[in-house]
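Asks: The lines below spell out each chain.
There are 2 protein chains.
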Amino acid sequence: MRTTIELAQEIGYAKLSIEAVAARAGVGKHTIYRRWSSKGALFLDSVLSLNVSLDYPDTGDILADLREQTYTAVDLLGRPPLGPLFQALVGEAQRNSKVAAALNERFITPQAEKSVARLKKARDEGQLSPEFDLDLAMSILSGPLYFQFLITQEPLTHEYVDRVFEALFAGMRPRHHE
Amino acid sequence: MRTTIELAQEIGYAKLSIEAVAARAGVGKHTIYRRWSSKGALFLDSVLSLNVSLDYPDTGDILADLREQTYTAVDLLGRPPLGPLFQALVGEAQRNSKVAAALNERFITPQAEKSVARLKKARDEGQLSPEFDLDLAMSILSGPLYFQFLITQEPLTHEYVDRVFEALFAGMRPRHHE
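Residue numbers (the UniProt record's numbering), protein chains in the order written: chain A, 1 to 178; chain B, 1 to 178.
Wrong hints could be hidden among the right ones.
When chains are identical, the list treats them as one kind, so a pair holds in a single copy or across two.
Dumping the calculated DSS-like pairs for lysine-lysine here, alpha-carbon to alpha-carbon at most 30 Å [to be verified]: (1) K98 / K121; (2) K114 / K98; (3) K15 / K29; (4) K98 / K15; (5) K15 / K121.
Just so you know, the hints here were simulated from the structure itself, not pulled from any lab data.
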């Protein structure tokens, strides 16, 4: 799997093939096919073997903690060396539903659970609106980051993260100040 | 280009090839390569030739208008027959930066401009917070939809759209009611 990562970083995921990984690793391609049914499956296991795990700090200030956690996430997954691999993996998930399901089960969902646990505590402490819909938390908090990462493909800066959170916390509706 | 769409719908984008399109259309593959440098470029032009354009209603109620426009968008782009084509196109944009740039220039940006114009009017009318950051509007409004479409890959229902907008309008911060 390390060979897969190295080769993907050298030549790009689009040009990667099981044949090329086998040649670089010095094994027959059937050795690889015995364990992985497709390039996508091999790549998924290879990227997940890097064991990226993003923990949530708890300083008692939910906005500061979300910022810190998200800075770490975008620095790690939103730029080289890992960024292009994660982007290729999400791209592969658009053509291979097994890769999509495994990516969700093994990475997205466990991360979301940590995030929701931290947000629930903040909501219980009165730092989030009692109406805030925790089931939507991941969509709302990370959707704007994925939009920038996958659609506009502009850099994910800390300043962008700050602006997104400020807007999400404030809400779009006008406030009637006392 | 119609042949490309038909074939992509029959066999899926992953299996689509310029050779297969040429054979189905009864032309030589060089005829296609003269105009399109890659399968991705051909597919982009083919999907965009469907001329999907999403206009913004203006009934004077921004939340109702956003809902209507977004129902139309998710019904069209978030489910068959067009949904899988749009999903494949976004997937291709993760491996081909020319496709990503063209998708932004020819579809995402023109749609965003319409959306921002409608939101600016609503902000000027006091229906949105005067602090609402219009430059972030597309990320914040459509990011949660793309997250569901590309990452969790669960159905984009009208109910989901309603919940997202309700959460975005209200904001995450607790309100101090008078």
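Asks: Can you name, in rising order, the numbers of the hints this structure does not satisfy?
Replies: Violated hints (numbers, rising): 1, 5; every other hint is consistent with the structure.
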